Amino acid sequence: MDVVIDTSALIAVIAGEPERRRIIEFTTGNTLIGPGSIPWEIGNAFSAMFKQNRLTLDEARKGLVIFDSIPLRYIKPDFVNALKISKQANMYAYDAYFLDCAIRHKAPLLTLDQKLKRASQNLNVETMEV
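FYI, in numbering that gives the first Met the number 0 the residues of the sequence shown are 0 to 129.
Since no wrong hints were added, every one of them can be taken at face value.
Using 27 Å as the maximum straight-line C-alpha spacing, the simulated DSS-like pairs for lysine-lysine come out as follows:
no.	residue 1	residue 2
1	LYS86	LYS116
2	LYS114	LYS50
3	LYS50	LYS61
4	LYS83	LYS116
5	LYS105	LYS75
6	LYS75	LYS86
7	LYS116	LYS105
8	LYS83	LYS114
9	LYS75	LYS116
10	LYS50	LYS116
11	LYS114	LYS75
12	LYS114	LYS86
13	LYS105	LYS83
14	LYS105	LYS86
Using C-beta positions, here's what the derived DEER-type ranges look like:
no.	residue 1	residue 2	range
15	LYS114	ALA14	13 to 21 Å
16	ARG60	ASN123	34 to 42 Å
17	LEU82	GLU58	32 to 40 Å
18	GLY15	PRO70	15 to 23 Å
19	LYS83	ARG53	30 to 38 Å
20	GLU58	GLN120	27 to 35 Å
21	ARG103	LYS61	30 to 38 Å
22	THR55	LYS105	36 to 44 Å
FYI, nobody ran anything at the bench for these hints, they're computed from the structure.
These numbers were taken from a predicted model, which means no experiment stands behind them.
Glycine included, each C-beta is placed from N, C-alpha and C at the ideal position.
Let the hints inform the model, and build the full structure from the sequences given.
Now the structure itself:
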(Lines of atoms letter the chains of each structure in order from A and count residues from 1; the text may use other names and numbers.)
(Lines give C-alpha, C1' and ligand atoms only; values in the text may rest on other atoms or scores of the structure.)
Protein backbone atom coordinates (compact mmCIF):
# COMPACT_ATOMS: atom_id res chain seq x y z
CA MET A 1 0.00 0.00 0.00
CA ASP A 2 1.17 3.53 -0.73
CA VAL A 3 1.49 5.84 2.28
CA VAL A 4 2.09 9.57 1.90
CA ILE A 5 4.58 10.55 4.60
CA ASP A 6 5.16 14.18 5.42
CA THR A 7 8.19 16.03 6.72
CA SER A 8 7.03 16.05 10.34
CA ALA A 9 6.87 12.25 10.42
CA LEU A 10 10.21 11.92 8.64
CA ILE A 11 11.88 14.32 11.09
CA ALA A 12 10.45 12.29 13.99
CA VAL A 13 12.13 9.18 12.58
CA ILE A 14 15.41 10.94 11.76
CA ALA A 15 15.64 12.75 15.12
CA GLY A 16 14.60 9.74 17.19
CA GLU A 17 11.52 11.45 18.59
CA PRO A 18 9.04 9.43 20.71
CA GLU A 19 6.78 8.67 17.71
CA ARG A 20 9.66 7.06 15.79
CA ARG A 21 8.90 3.43 16.68
CA ARG A 22 5.19 3.68 15.79
CA ILE A 23 5.93 5.44 12.49
CA ILE A 24 8.33 2.68 11.52
CA GLU A 25 5.77 0.03 12.51
CA PHE A 26 3.05 1.73 10.42
CA THR A 27 5.24 2.12 7.37
CA THR A 28 7.12 -1.19 7.31
CA GLY A 29 6.02 -3.16 4.25
CA ASN A 30 4.38 -0.14 2.63
CA THR A 31 5.61 2.13 -0.13
CA LEU A 32 6.39 5.62 1.14
CA ILE A 33 5.52 8.37 -1.31
CA GLY A 34 5.54 12.14 -1.20
CA PRO A 35 6.18 15.26 -3.24
CA GLY A 36 9.64 15.97 -4.58
CA SER A 37 9.91 18.93 -2.21
CA ILE A 38 10.64 16.64 0.75
CA PRO A 39 14.47 16.93 0.67
CA TRP A 40 14.26 20.73 0.71
CA GLU A 41 11.76 20.59 3.57
CA ILE A 42 14.09 18.32 5.55
CA GLY A 43 16.88 20.87 5.06
CA ASN A 44 14.57 23.67 6.14
CA ALA A 45 13.53 21.71 9.25
CA PHE A 46 17.18 21.16 10.13
CA SER A 47 17.91 24.88 9.74
CA ALA A 48 14.98 25.69 12.05
CA MET A 49 16.39 23.21 14.58
CA PHE A 50 19.78 24.99 14.33
CA LYS A 51 18.10 28.29 15.25
CA GLN A 52 16.51 26.64 18.30
CA ASN A 53 19.83 25.05 19.31
CA ARG A 54 18.19 21.62 19.03
CA LEU A 55 20.63 20.28 16.44
CA THR A 56 24.35 20.50 15.69
CA LEU A 57 25.86 20.39 12.23
CA ASP A 58 27.30 16.93 12.96
CA GLU A 59 23.85 15.68 14.04
CA ALA A 60 22.36 17.14 10.85
CA ARG A 61 24.95 15.27 8.76
CA LYS A 62 24.02 12.03 10.54
CA GLY A 63 20.36 12.88 10.01
CA LEU A 64 20.94 13.23 6.27
CA VAL A 65 22.49 9.76 6.20
CA ILE A 66 19.39 8.40 7.95
CA PHE A 67 17.13 10.35 5.58
CA ASP A 68 18.97 8.96 2.55
CA SER A 69 18.38 5.42 3.86
CA ILE A 70 14.59 5.86 3.92
CA PRO A 71 13.05 4.47 0.72
CA LEU A 72 10.85 7.23 -0.68
CA ARG A 73 9.18 7.45 -4.06
CA TYR A 74 8.88 11.07 -5.10
CA ILE A 75 5.70 12.16 -6.84
CA LYS A 76 5.47 15.23 -9.05
CA PRO A 77 2.66 17.42 -7.70
CA ASP A 78 -0.24 18.55 -9.82
CA PHE A 79 0.52 22.21 -9.19
CA VAL A 80 -2.88 23.51 -10.28
CA ASN A 81 -4.64 21.08 -7.95
CA ALA A 82 -2.18 21.81 -5.13
CA LEU A 83 -2.81 25.55 -5.46
CA LYS A 84 -6.56 24.91 -5.44
CA ILE A 85 -6.12 22.93 -2.20
CA SER A 86 -3.85 25.67 -0.83
CA LYS A 87 -6.50 28.33 -1.41
CA GLN A 88 -9.39 26.16 -0.21
CA ALA A 89 -7.62 25.09 3.00
CA ASN A 90 -5.79 28.41 3.55
CA MET A 91 -2.41 26.66 3.75
CA TYR A 92 1.02 26.89 2.21
CA ALA A 93 1.51 25.14 -1.11
CA TYR A 94 4.21 22.96 0.48
CA ASP A 95 1.54 21.38 2.72
CA ALA A 96 -0.95 21.19 -0.14
CA TYR A 97 1.53 19.11 -2.17
CA PHE A 98 1.16 16.30 0.39
CA LEU A 99 -2.63 16.45 0.20
CA ASP A 100 -2.55 16.51 -3.59
CA CYS A 101 -0.35 13.42 -3.52
CA ALA A 102 -2.68 11.61 -1.10
CA ILE A 103 -5.80 12.48 -3.10
CA ARG A 104 -4.40 11.53 -6.50
CA HIS A 105 -2.85 8.28 -5.27
CA LYS A 106 -5.76 7.39 -2.97
CA ALA A 107 -3.25 6.92 -0.17
CA PRO A 108 -3.45 7.71 3.54
CA LEU A 109 -1.41 10.58 4.92
CA LEU A 110 0.98 10.01 7.81
CA THR A 111 1.64 13.33 9.55
CA LEU A 112 2.30 14.67 13.04
CA ASP A 113 1.23 18.17 11.94
CA GLN A 114 -2.18 18.80 13.52
CA LYS A 115 -3.11 21.61 11.11
CA LEU A 116 -2.32 19.40 8.12
CA LYS A 117 -4.27 16.54 9.70
CA ARG A 118 -7.35 18.76 10.17
CA ALA A 119 -7.11 20.00 6.58
CA SER A 120 -6.82 16.44 5.30
CA GLN A 121 -9.90 15.40 7.26
CA ASN A 122 -11.83 18.37 5.83
CA LEU A 123 -10.88 17.11 2.36
CA ASN A 124 -11.83 13.50 3.23
CA VAL A 125 -8.22 12.33 3.01
CA GLU A 126 -7.53 9.33 5.23
CA THR A 127 -4.90 9.95 7.89
CA MET A 128 -2.87 7.47 9.90
CA GLU A 129 -2.92 8.05 13.66
CA VAL A 130 0.43 7.78 15.41
